Structure formats: C-alpha cells, structure tokens
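Residue numbers (the numbering used here), protein chains in the order written: chain X, 1 to 289; chain S, 1 to 269.
Hints in this document: simulated from the structure, not taken from any laboratory. Check the hints yourself; a few may be wrong.
What the hints assert, rightly or not - When the alpha-carbon atoms are kept at most 25 Å apart in a straight line, the in silico PhoX-like pairs for lysine-lysine are as follows:
| hint | chain 1 | residue 1 | chain 2 | residue 2 |
| --- | --- | --- | --- | --- |
| 1 | S | 117 | S | 90 |
| 2 | S | 222 | S | 207 |
| 3 | S | 122 | S | 227 |
| 4 | S | 207 | S | 82 |
| 5 | S | 269 | S | 227 |
| 6 | S | 90 | S | 113 |
| 7 | S | 90 | X | 45 |
| 8 | S | 82 | X | 40 |
| 9 | S | 169 | S | 84 |
| 10 | X | 33 | S | 227 |
| 11 | S | 207 | X | 33 |
| 12 | S | 84 | X | 40 |
Here the structure is a predicted model, which means the values were calculated and not measured.
Chain by chain, the residues run as shown.
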Amino acid sequence: MNTYKEKAFRALTYIASLFVILFLFGIIFSIFKEGLPLFKQVNIKDFLLGSAWYPTMATPEFGIWTLIIGSLYVTLGALIIAIPLGLGTAIYISEVAGQRMKEISKPVIELLAGIPSVIYGLFGMAFLAPAIRQWFGLQVGLNVFTASIILGIMVVPIIASMSEDALSTVPKALREASSALGATHWETICKVVVPAAKRGIIGSILLGFGRAVGETMVVLMVAGGSARIPHSIFESVRPMTSSIAAEMGETVVGDLHYAALFAIAIVLFMITFLTNLVTELVFLKRSAR
Amino acid sequence: MKYTLIILSLILIATSPLIAAKKNQLTLTGSTTVLPIAQAAAEAFMDKYDVNVSVRGGGSGVGVAALMNKTVDIANSSRPMKAKEITIAKSSGVNPTAYAIANDGITIVVNTKNTVKNLTIKDLKGIYTGKITNWNQIGGLNMPITVISRDVSSGTFEVFNEKVLSGSKVIDSAMMLASNNAVASTVGDTPGAIGYIGLGYVTEKTKIVNVENCIPSIQTIKSGEYKLSRKLYMYTNGPAKGNTAGYLNFIFSPEGQKIVEEQGFISVK
Numbered sequence: 001m002n003t004y005k006e007k008a009f010r011a012l013t014y015i016a017s018l019f020v021i022l023f024l025f026g027i028i029f030s031i032f033k034e035g036l037p038l039f040k041q042v043n044i045k046d047f048l049l050g051s052a053w054y055p056t057m058a059t060p061e062f063g064i065w066t067l068i069i070g071s072l073y074v075t076l077g078a079l080i081i082a083i084p085l086g087l088g089t090a091i092y093i094s095e096v097a098g099q100r101m102k103e104i105s106k107p108v109i110e111l112l113a114g115i116p117s118v119i120y121g122l123f124g125m126a127f128l129a130p131a132i133r134q135w136f137g138l139q140v141g142l143n144v145f146t147a148s149i150i151l152g153i154m155v156v157p158i159i160a161s162m163s164e165d166a167l168s169t170v171p172k173a174l175r176e177a178s179s180a181l182g183a184t185h186w187e188t189i190c191k192v193v194v195p196a197a198k199r200g201i202i203g204s205i206l207l208g209f210g211r212a213v214g215e216t217m218v219v220l221m222v223a224g225g226s227a228r229i230p231h232s233i234f235e236s237v238r239p240m241t242s243s244i245a246a247e248m249g250e251t252v253v254g255d256l257h258y259a260a261l262f263a264i265a266i267v268l269f270m271i272t273f274l275t276n277l278v279t280e281l282v283f284l285k286r287s288a289r
Numbered sequence: 001m002k003y004t005l006i007i008l009s010l011i012l013i014a015t016s017p018l019i020a021a022k023k024n025q026l027t028l029t030g031s032t033t034v035l036p037i038a039q040a041a042a043e044a045f046m047d048k049y050d051v052n053v054s055v056r057g058g059g060s061g062v063g064v065a066a067l068m069n070k071t072v073d074i075a076n077s078s079r080p081m082k083a084k085e086i087t088i089a090k091s092s093g094v095n096p097t098a099y100a101i102a103n104d105g106i107t108i109v110v111n112t113k114n115t116v117k118n119l120t121i122k123d124l125k126g127i128y129t130g131k132i133t134n135w136n137q138i139g140g141l142n143m144p145i146t147v148i149s150r151d152v153s154s155g156t157f158e159v160f161n162e163k164v165l166s167g168s169k170v171i172d173s174a175m176m177l178a179s180n181n182a183v184a185s186t187v188g189d190t191p192g193a194i195g196y197i198g199l200g201y202v203t204e205k206t207k208i209v210n211v212e213n214c215i216p217s218i219q220t221i222k223s224g225e226y227k228l229s230r231k232l233y234m235y236t237n238g239p240a241k242g243n244t245a246g247y248l249n250f251i252f253s254p255e256g257q258k259i260v261e262e263q264g265f266i267s268v269k
C-alpha cells in the first residue's frame with residue numbers, strides 16, 4: 001500500500017511539473033506561430049528599426065522602434081528610482097536595523113510586491129499624474145516621468161528583497177575581520193559586504209529590469225501612449241506592452257496587424273527571456289548560494 | 001483522501017447549476033462601447049425571463065472572432081463587420097446577421113477653460129494631423145493644443161478616422177489612450193487638450209464642442225445632421241432564433257430602447 005502511494009505521489013508531482021513545462025512551450029510555440037507570418041510581408045529590419053507605427057492605415061506601417069524606445073525609457077527611469085531605494089532598503093534591513101525592525105520591515109516590503117498592478121496604475125492616473133502636471137507646469141501628467149516613478153515603486157520590493165537575501169548570506173567572518181582591521185561600520189558595508197554580495201545585487205537589478213519591461217497595466221494607464229521618440233522625460237511614450245494590450249482587442253484575427261502584435265510579443269519575450277537567462281546563469285548561480 | 005473526495009464533490013455541487021443551466025444560457029462578447037447597453041439590457045431581461053445572460057467585453061474584434069468560432073450567441077460591435085471578416089466567417093459556415101441596436105455620436109470634448117465653441121471637420125483634421133498646434137489659430141486662447149486620441153484599433157477611433165481624418169495619419173505626438181474614461185479624465189485635467197468620446201461618456205469636467213455648427217444631440221444624430229455619428233451593432237449567426245431573438249426583441253422594445261437612452265446612447269426607433 002505504502003509503495004503504491006509513494007509511486008502515485010511521485011507520478012503526480014512528475015505530471016504537475018511536466019504540465020508547467022508544457023504550458024511554457026505551448027506559449028512560446030503559439031506566439032511564434034502567430035507572429036512569424038508577419039515577416040513574410042514586412043522586412044525584419046523595417047519592423048525593428050522603423051519608426052512609424054500606423055497599423056490600421058490603408059497602407060499600414062509596422063515600425064516598432066518607437067515602442068522599443070518607449071519600453072526602454074520607462075524601464076531605465078524605473079531602475080534609476082528603484083536601485084537607490086531598493087539597495088538602501090536592503091542595506092538597512094540587513095546591516096543596520098535591529099532584529100525587531102528586520103522582522104517587521106521585510107514582510108512590509110514584500111507586501112508592496114503583492115499589490116495588483118492595476119491599483120498602482122489607478123493611483124498614478126488619478127493622483128500622481130495630475131500632481132506632476134501641476135508641480136512641473138506641464139500640459140499633461142501622463143508621461144515617461146510619471147510612469148517611471150510608479151514602475152520604480154513596483155520594482156523596489158524585488159531589488160530590496162533579493163539584495164537583502166544576498167547581503168545576509170555574506171559570511172559573518174568577513175564583517176568581523178573588517179571590523180578587527182579598524183574599519184567603521186559604514187566602511188565595512190561599502191567596501192566589504194556590498195562587494196561580496198555583488199552578484200546577487202546585480203541579479204536582483206536584472207530581475208527588476210525584466211519585471212519593469214514586461215509591466216503592462218501601469219504603462220497603459222500612465223505612460224500616455226504617443227508612438228514617437230520623446231524629447232524629454234515629460235513627454236508621453238507608448239511601450240510595447242501597452243500596444244499589445246490596447247490594440248489586441250479590436251484587431252481582425254489572422255490579420256497583418258494581429259501578426260504584428262504577436263511579433264512585438266516575440267521581441268518582448270526575447271528581451272525578458274535573455275535577461276532572466278543571464279541572471280540565472282551568471283549572477284544567481286543556484287549552487288553558489 | 002477522504003477530504004479530497006469531499007472537496008471534489010463540493011466543487012461538483014457548486015458548479016452543477018452552471019452545467020445544468022446551459023440550456024437557457026445566452027452569451028454576448030465584444031465591443032466595450034456596447035457593453036453597458038448589453039449589460040443593463042441583460043439584467044432587465046433576466047428579471048423577466050428565465051434565461052441566464054452573460055455579457056463580456058474584449059473589443060469588437062474579439063466579439064467578431066468569437067462569433068466566427070461559434071463560442072457566443074451575439075457579438076457586440078461598435079463598427080460594421082469588415083468585408084474580410086465576413087469572408088472568413090462565411091468560409092467557416094457562419095452567416096453574420098447585423099442588428100443595429102443604437103445610435104452613438106462621437107463627441108468632441110475640450111477642457112472647460114477652453115473658449116472655442118465650434119470646430120469644422122477641416123479644423124479637426126488640422127488639429128489631429130498636426131497642422132494646427134495652437135488654439136489661437138482657430139479663434140481660441142494662446143494655448144498649445146494637446147491632442148488626445150484613442151488607440152488606433154478601438155471602434156471609436158475607426159469612426160473618427162473615417163469621418164474626420166479620411167485616411168490621414170494622426171500626428172505621432174498625440175496621446176493614444178485606452179478608454180473613453182481615460183480620455184474624458186485627461187481632457188478634464190489638461191487645459192489645452194482636445195479629445196473625442198462617446199456621447200454617453202461626457203462628464204461635467206469636459207466641455208462639448210459643436211461640429212460644423214451642429215450640437216451633438218439626440219435629434220441631430222438620429223437625423224444624420226451631426227456628422228460624427230455611427231450605429232452600434234449586435235451580430236448573430238444567421239437570423240436570430242429562440243432566446244437570442246427574445247433578447248434582441250427586448251432591446252428593440254420601448255423598454256429596451258429606454259435602457260439604450262439611459263446608458264447615454266440614442267435609440268434607433
């Protein structure tokens with residue numbers, strides 16, 4: 001009986017993990033199947049580097065360069081905000097805070113990661129965008145700057161939580177040796193602990209990048225949506241994810257526009273897949289933990 | 001093991017009404033513009049008859065695709081089906097039949113601080129293609145124009161594109177927002193903004209501009225005098241029968257058309 005149960009249990013877990021892999025390959029297969037037909041009619045170079053996105057015109061143009069730039073701008077903006085905040089929080093929790101503070105603050109930060117993105121978007125649209133419009137005397141508040149702030153707040157928990165993990169795995173002996181040599185607490189953090197946790201920290205930043213580049217709801221709601229290369233951070237952009245989300249609902253299935261949206265999905269998938277791969281292989285070697 | 005069995009049977013009991021009720025089930029999918037009408041009509045219809053009506057959004061394209069796949073009874077669409085879609089549908093044995101259930105006017109809105117009262121189609125085209133960039137060029141205050149448009153694949157954009165742009169491109173600095181509400185709230189917050197929304201979405205925060213000296217109103221839209229108007233459709237596979245016909249008849253009844261008006265649209269009767 002026991003061995004029978006044992007076997008059944010093994011089979012169940014095996015099937016469960018098989019399903020997950022199947023889903024992954026199913027998704028990859030279908031985005032490629034739907035997206036690749038575009039390139040029979042549109043040159044890959046024109047698609048990636050063309051800067052006119054007019055998919056529903058009589059002679060449609062499918063250039064996604066402005067969309068790629070839009071995604072990169074808001075993502076870099078988000079990282080500029082999230083890296084200092086996230087890293088600062090991680091150092092505070094791991095190196096400065098007392099035991100009690102540590103036990104409170106880490107779950108609180110992880111709670112921030114659990115807020116649905118549409119709520120961040122609503123907050124940005126209803127409160128932050130009008131405020132930014134007033135503070136900076138702008139025409140509209142839906143722009144790169146606003147989107148970066150909201151995305152930045154969303155990425156902070158990822159960077160903070162993973163960097164904190166990396167910092168706390170730095171051996172105690174290193175810190176003690178540094179102190180014994182006469183280094184202050186601050187010097188120990190800057191010159192010993194952070195460099196020792198470098199891999200984990202960079203890994204967390206890359207994962208944060210992947211999260212920000214793939215975020216859809218927030219950019220759809222606060223980035224404004226103009227498909228062009230912005231001249232300042234106070235102009236609106238149209239990231240790749242917003243294009244897919246906003247346009248998919250009304251396209252004719254099987255149309256060139258439909259294929260183009262899947263082709264954008266391929267580009268997006270490649271970007272996140274490569275960042276995750278690099279992160280896993282180079283920076284977060286599982287065995288080294 | 002015992003618990004799993006109990007949970008499984010509970011799930012079965014909980015979902016059985018769904019399975020059992022399938023006979024009297026009516027499903028609608030499609031345009032988010034038609035959604036409020038379809039939803040309100042469904043609620044009133046369900047109060048009267050023993051039919052379970054479920055309404056989903058997704059967009060006109062999604063509705064039409066669902067009709068082709070025979071997964072819905074009615075596809076809601078804010079535009080007539082395209083020739084290509086009809087061809088695809090026919091090749092898979094679906095015969096789309098259109099029912100125009102409501103009239104909708106696309107209203108041009110500006111910020112309440114704006115002094116401009118009337119715009120011609122030519123002005124609108126100039127603004128949306130980037131030839132007119134300041135309100136003082138068309139008799140307003142000295143204030144740069146912030147052009148707000150809808151996503152190029154929304155049904156609302158398609159009508160605007162057809163009636164105003166006549167094939168020209170919207171300037172690339174125009175903000176493309178994803179919903180009527182987003183346009184209304186952005187125009188309400190932005191002094192120099194101009195946008196277009198369905199008549200049902202006009203709020204106190206925005207000001208309606210006349211087009212070609214014609215106020216968007218029930219009379220002017222019904223008569224076709226107001227230029228920026230369109231019809232909203234429900235598509236069925238072949239002429240409606242059974243519950244589908246019952247639901248459509250309800251929408252065409254005086255009570256149903258009253259719901260259309262309550263939702264901010266204009267009746268077809």
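Cross-check of the supplied hints:
no.: 1; hint: S:117 / S:90; result: violated (47 Å)
no.: 2; hint: S:222 / S:207; result: holds (22 Å)
no.: 3; hint: S:122 / S:227; result: holds (12 Å)
no.: 4; hint: S:207 / S:82; result: violated (33 Å)
no.: 5; hint: S:269 / S:227; result: holds (19 Å)
no.: 6; hint: S:90 / S:113; result: violated (51 Å)
no.: 7; hint: S:90 / X:45; result: violated (36 Å)
no.: 8; hint: S:82 / X:40; result: holds (23 Å)
no.: 9; hint: S:169 / S:84; result: holds (23 Å)
no.: 10; hint: X:33 / S:227; result: violated (42 Å)
no.: 11; hint: S:207 / X:33; result: violated (47 Å)
no.: 12; hint: S:84 / X:40; result: holds (19 Å)
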